[in-house]
Each structure stands twice: as structure tokens, then as C-alpha cells.
Amino acid sequence: EPEVTQTPSHQVTQMGQEVILRCVPISNHLYFYWYRQILGQKVEFLVSFYNNEISEKSEIFDDQFSVERPDGSNFTLKIRSTKLEDSAMYFCASSNADSSYEQYFGPGTRLTVT
Amino acid sequence: AQSVTQLGSHVSVSEGALVLLRCNYSSSVPPYLFWYVQYPNQGLQLLLKYTSAATLVKGINGFEAEFKKSETSFHLTKPSAHMSDAAEYFCAVRRQDDYKLSFGAGTTVTVRA
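Chains as they are written, first to last, in the working numbering: chain Z, 1 to 114; chain L, 1 to 113.
These are computed hints drawn from the structure, not numbers from a lab. Just so it is clear, the structure is predicted and the values come from calculations on it, not from any experiment.
Subject to a maximum C-alpha distance of 30 Å in a straight line, what follows is the list of computed DSBU-like cross-link-like pairs (lysine-lysine): (1) K69(L) / K57(Z); (2) K68(L) / K49(L); (3) K49(L) / K42(Z); (4) K57(Z) / K49(L); (5) K42(Z) / K69(L).
All chains, please: the whole structure from these sequences, using the hints.
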């Protein structure tokens, strides 16, 4: 069964460093998403991406964040200058253009900023 | 804006007992509703979804949920808990004209032998 994959599973970085989280969505999906879950808190929407552009973003997704689909398979989330409060589990998801846009999630990348 | 409230952050049931996880939503327009399960060190897996068809929705692993518009609820049930049901469960809502999911805080289920 096709699945969303994410790398790395765990990333440790120092405050102020740039990180890139990588995702490979399901191959025939057209919509891509990033969510995050700070320890002990809700899963929060960050951004959605369709047709090579951002379709929606949350207040959390400020200028420090960017997304890119550099080739036909990868979908990346970049954080330019990480802060302690960026420590969280980051989930990638993808969906197709059916009536419910059911989203399939990857296993997540745990980002720890020290 | 839509939001989701899950009552009870932790539920403990005996093996073979009924599992009931509560979810209430608020939405200005008819929503799509979802239940996801997260096993330790894994991603979110879709259990079931409501997309304005039948109000009683059956999902994987013997779970089902009933959409009750009058109560703005979408509670998840399973008649007989199994040890493998121990996980965290998330209710989520999405507007039909929107992409993003809004999640509840999650309910952790433990199953006692």
C-alpha cells in the first residue's frame, strides 16, 4: 500500500540553524500539507500546497518557514533560523482530489532545537 | 472557524469492554469529520470519515462513529476492546470548502488485560 515517507525521523539542531525536513508524498497525490505537534499539544496545521504554490497557511507559518517541491517526488519544509519553540513533531500529509480530500500522513520528523 | 473538543485526555478500558471516545465540533458550515489513530512512534492513520453521506460510519479495526448534527458530535465506539487498540486517537474536522484539518487534543486509550 502506498504511504507517505519522511526523513529524517529525528533531527537535532542548534538554535539559529537552518533545517530542511523532507517528505515523499504518495505518488499520484496533488495536495500536500505540513502539520506540527508540540509535545503535549494539539496537531496544528501549518501549510497546504497545490499546483506548485501555497494554497493556505496558518499564522504559525511566518517568514521563517518555506515549502518547496523541488522535483516530482519530494516536498520539503525549511525553517531558516530555528528557535527553541520550533521543537515539535512535524507531519507531512498528502491527498488526492476526491470528494473528501482524505489526507494520508507520514510518520513524522521529531525536531529538537537546543 | 471550526474547532474540535475531545472529552477526556485518557480513557482506560478492560479488554472486551466497550470503547467510547467523545468528540464535539463547532463549525459554521457542514463539515467533514475524521478520526485518526496514532500508534507509538508512528504517523496518523485514518480510522474513518464522515463526508455527508450515511451518518453511521464504519471504519477499520471494528471502529464506528455516528454523526449527530443536533448534538454537534461525532463519537467513536468499538464494542469490544482489544489490546492492540492501545493508542492515541484524534478527532479532526474540515470544512467542505477548505483544505486544512483542525484536530482535537487527542485521547490516549489504554487497555487492561
